[in-house]
Amino acid sequence: MDLHSTQPHNDHACEGISDYVAELQFHMALHARKLVPHLTKAADSREQLLQQTQANFEKLVSRQSRSER
1 MDLHSTQPHN
11 DHACEGISDY
21 VAELQFHMAL
31 HARKLVPHLT
41 KAADSREQLL
51 QQTQANFEKL
61 VSRQSRSER
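Take 1 as the starting number for the sequence shown in the working numbering and just add one per residue.
Hints in this document: simulated from the structure, not taken from any laboratory. Just so you know, these numbers come straight off a predicted model, no measurement behind them. Incorrect hints may have been included.
To be verified - Heads up, simulated SDA-like pairs for lysine to any residue below, C-alpha to C-alpha not over 25 Å straight-line:
#: 1; residue 1: Lys-59; residue 2: Glu-15
#: 2; residue 1: Lys-41; residue 2: Gly-16
#: 3; residue 1: Lys-34; residue 2: Glu-15
#: 4; residue 1: Lys-59; residue 2: Ile-17
Please work from the sequences and hints to get the whole structure.
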């Protein structure tokens with residue numbers, strides 16, 4: 001068994017976990033500042049659109065902050 005052949009897989013797994021933790025920390029920071037409302041079932045299509053837009057924005061900001069590292 002070649003140990004070098006498993007290294008890229010391990011690096012990728014660690015990177016995935018690191019990304020997940022960074023995204024979770026970012027969301028928790030926003031939530032602590034009350035910038036993220038509790039998600040409830042949207043009463044109408046406007047509220048649903050707002051929730052989806054907010055989720056997409058959080059993902060975008062999280063990805064941008066990770067790429068700047």
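How the hints compare with the structure:
1. Lys-59 - Glu-15: At roughly 17 Å apart (the allowed maximum being 25 Å), Glu-15 and Lys-59 satisfy the hint.
2. Lys-41 - Gly-16: It is violated: about 30 Å lies between the C-alpha atoms, which goes past 25 Å.
3. Lys-34 - Glu-15: 29 Å, violated
4. Lys-59 - Ile-17: 16 Å, holds
Hints 2, 3, counting from the list given before, are not met by this structure.
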